[in-house]
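Chains as they are written, first to last, in this note's numbering: chain A, 17 to 389; chain B, 17 to 389.
If you are wondering where the hints come from, they were derived from the structure by calculation, not from laboratory data. Do not rely on the hints blindly, as some may be mistaken.
One copy or two, it doesn't matter: identical chains are merged, so the pair holds either way.
[Said to hold, decoys possible] Simulated pairs of lysine-lysine, DSBU-like, Cα-Cα distance not exceeding 30 Å:
| hint | residue 1 | residue 2 |
| --- | --- | --- |
| 1 | K96 | K304 |
| 2 | K220 | K39 |
| 3 | K372 | K66 |
| 4 | K275 | K220 |
| 5 | K277 | K39 |
| 6 | K220 | K304 |
| 7 | K66 | K318 |
Predicted model only: the values in this text are computed from it and were never measured.
Spelled out from the first residue to the last, the chains are:
2 protein chains.
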Amino acid sequence: MEFIIARDSFIQALSRVSGFVDKKGGNSSILSSVLLQADSSGLRYTGTDKTLTVLGQVAATVSRPGEAAVDASNLLTIVKAISGDTVHCASVDGQRLEVRAGASTFRLTSQPGGEFPVTPPLDQSRSLRIAPDALARILDQTLFSVAGDDNRYGLNGAHFEQVTAADGSTMLRVVATDGNRLSWSQAPFTGELAIGRKSLVPRKGLVEVRRLLEGVKSDVEIAFGERAAVVRLDDCTIHMRLLEADFPDYRQVLPNAFKRKAVVTRVELSEALKRVLIFAQDSSRSVKFACADETITLSSRKLDAGESKEEVRMDLQGEPITMGFNGRFLQEVLSVISSERVLLELGDTLSPCIVKSTDSADALFVVMPVRLD
Amino acid sequence: MEFIIARDSFIQALSRVSGFVDKKGGNSSILSSVLLQADSSGLRYTGTDKTLTVLGQVAATVSRPGEAAVDASNLLTIVKAISGDTVHCASVDGQRLEVRAGASTFRLTSQPGGEFPVTPPLDQSRSLRIAPDALARILDQTLFSVAGDDNRYGLNGAHFEQVTAADGSTMLRVVATDGNRLSWSQAPFTGELAIGRKSLVPRKGLVEVRRLLEGVKSDVEIAFGERAAVVRLDDCTIHMRLLEADFPDYRQVLPNAFKRKAVVTRVELSEALKRVLIFAQDSSRSVKFACADETITLSSRKLDAGESKEEVRMDLQGEPITMGFNGRFLQEVLSVISSERVLLELGDTLSPCIVKSTDSADALFVVMPVRLD
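Please take these sequences and the hints and turn them into a complete structure.
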């Protein structure tokens with residue numbers, strides 16, 4: 017294999033791969049490698065940790081077709097460090113990849129392309145298309161609610177489904193929960209959402225999709241198979257093995273009726289939460305919300321350290337109430353809403369709180385209350 | 017105690033304190049606290065971990081003189097988070113400090129000022145004065161060579177001494193070594209450098225002095241006592257307990273004669289080192305230097321990963337030679353020299369290398385060689 021490639025586009029390709037390879041594998045593991053395959057159409061690259069795979073194509077002038085797998089992290093470090101606009105790569109003696117630029121020569125240990133794990137192909141006859149900014153918003157509004165705790169396997173991903181909006185249009189909805197909070201977010205799409213047996217996409221894969229969405233202009237294609245989902249961006253494809261678990265019936269936890277509705281300026285509440293969280297107890301981040309007609313008083317107390325109190329203007333419909341919430345959870349919700357004001361729907365002291373934008377019905381957030389001492 | 021203070025200057029004062037308090041102490045330790053003392057002249061602040069102390073003064077409108085010690089980290093976090101231009105502080109019930117701004121109210125657990133450790137006063141009748149940019153350069157050119165290993169107590173600081181330059185002028189010289197490399201850097205001063213029994217200033221104190229030097233315009237005053245040194249900046253004073261150890265006779269390790277001299281462009285060598293270090297073995301960061309008449313060839317090899325080679329132009333006086341060095345150590349030296357070209361003075365394969373600016377005799381760097389396998 018031998019090719020010349022523009023340094024900038026090689027860096028971009030290898031940066032994409034870096035989120036998909038196994039960083040714990042060490043230099044000798046094939047799962048920490050990128051597979052490079054050069055032929056007359058340019059350079060193809062593949063990175064995988066066996067559950068997530070990225071495949072892409074980049075322009076290169078290939079003088080000798082071939083393939084090799086080299087440590088992805090070392091290769092990216094080298095291509096970033098060298099100078100000049102182009103990089104010359106060549107396999108030498110079947111065991112090394114020589115990388116040359118300017119007065120620099122590197123030889124990386126390489127493995128034959130045949131050692132590289134094969135990603136099973138996916139039948140993509142049925143797929144949907146969605147605008148990249150809509151998919152980015154959906155992921156921003158849901159991924160923070162996915163359980164980080166690996167013991168809750170069925171909650172370690174986001175659930176995809178098709179819903180019909182109030183105006184009759186068909187929407188892609190993504191739902192995530194960790195048991196203490198839940199988010200859903202939706203947007204219109206074209207084509208067909210054909211979910212197979214499973215619909216739960218692992219968090220790590222969606223985080224990488226979100227990262228690669230930066231700068232993408234064309235519609236994104238998404239297809240589901242029985243065991244995997246595929247997301248196709250401008251010039252690369254992400255293949256994700258689905259979680260072998262069922263997402264809970266989340267509609268059961270969504271309250272239907274509310275005794276209280278409150279409207280508050282989003283940034284004011286967010287800034288007040290930031291300050292009152294300084295003295296929230298470490299574990300539950302518990303903040304007390306005392307809602308009266310025109311004011312929420314937020315307060316917190318931390319043993320041996322001190323206490324804090326904040327007042328925020330609000331419009332409350334319903335009786336005054338005092339409740340406790342994990343302040344960090346509410347703050348995360350407020351950070352992914354873009355409207356100037358937000359609507360809080362409240363029940364009794366131990367009922368969940370629903371947070372919505374006042375401008376849009378495209379997302380909904382549920383935060384469970386915490387008991388106040 | 018009760019005072020009103022400009023938020024910006026309160027943040028600046030508390031940021032200074034943050035490097036001096038004991039961060040491991042937890043919220044209840046007096047050593048993680050800042051002592052605030054308010055009287056008609058404004059607000060004084062003190063932070064200490066018992067070996068390092070900072071004392072400063074800041075303008076404040078004091079309506080009730082008094083003093084209190086509160087957790088320094090919590091207070092800084094609060095003052096940064098609140099809004100508005102001024103902050104109102106008041107002791108309440110003798111056990112709390114109330115901090116108010118806008119719609120925010122905080123109450124921090126406080127301790128009586130009398131609990132705070134007293135820093136012993138220092139006889140400062142004899143002191144030197146040095147320009148702040150000269151002291152900053154001296155510290156930048158030496159502190160990276162101080163031993164980070166706590167077991168080498170006698171090398172955990174920088175040695176201060178007075179020397180006479182080639183032109184007969186009197187200079188403050190600071191020297192640091194960790195046994196594998198040595199740096200000294202010097203600059204003129206006025207006044208008197210009166211070292212007592214000990215001359216070894218702890219690294220952590222000098223790192224904080226360097227941090228606080230940013231933006232200082234007036235000359236800095238330095239005085240030594242028997243057990244401590246004091247550095248006085250614009251509006252704060254740093255008190256450092258000296259290390260109870262003797263610095264080695266560093267002049268013994270400085271070679272007097274050289275068989276070879278090489279001149280090289282500093283940035284070219286530094287960039288080549290950055291790349292060749294990618295494949296240097298982790299422990300010694302060993303890089304091979306093959307010096308011929310007009311070229312240094314740098315090379316490295318890392319087991320199972322690969323190898324690299326770089327060529328850099330040089331002018332060599334003397335016979336060609338091949339040596340090994342810790343590439344990171346040389347790179348750190350090159351990063352604190354500002355001249356376009358540097359002079360390398362070389363002996364035999366296992367002799368130390370001396371690095372100097374070609375423009376200035378105000379600093380000198382020694383790097384010990386490593387054995388090549």
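Evaluation of the provided hints:
Within a single copy, K96 and K304 get their C-alpha atoms only as close as 49 Å, which misses the 30 Å cut-off; across copies the closest is 22 Å, which meets it. Taking the closest pair of Cα atoms, K220 and K39 come within 30 Å of each other only inside a single copy of the chain (14 Å); across copies the shortest separation is 34 Å, beyond that limit. Proximity of K372 and K66 under a CA criterion of 30 Å is satisfied in neither setting, with 38 Å inside one chain copy and 52 Å between copies. Neither within a single protomer nor between protomers do K275 and K220 lie at most 30 Å apart by alpha-carbon distance, with minima of 38 Å and 59 Å respectively.
Taking the closest pair of Cα atoms, K277 and K39 never come within 30 Å of each other, the shortest separation being 48 Å inside a single copy and 44 Å across copies. Taking CA atoms no more than 30 Å apart as the test, K220 paired with K304 passes in neither setting, with 33 Å inside one copy and 41 Å between copies. In the homo-oligomer, the alpha carbons of K66 and K318 lie at most 30 Å apart only across protomers (27 Å), although the nearest pairing inside one protomer, at 45 Å, exceeds that limit.
In the structure shown, a violation is registered for the earlier hints numbered 3, 4, 5 and 6, in ascending order.
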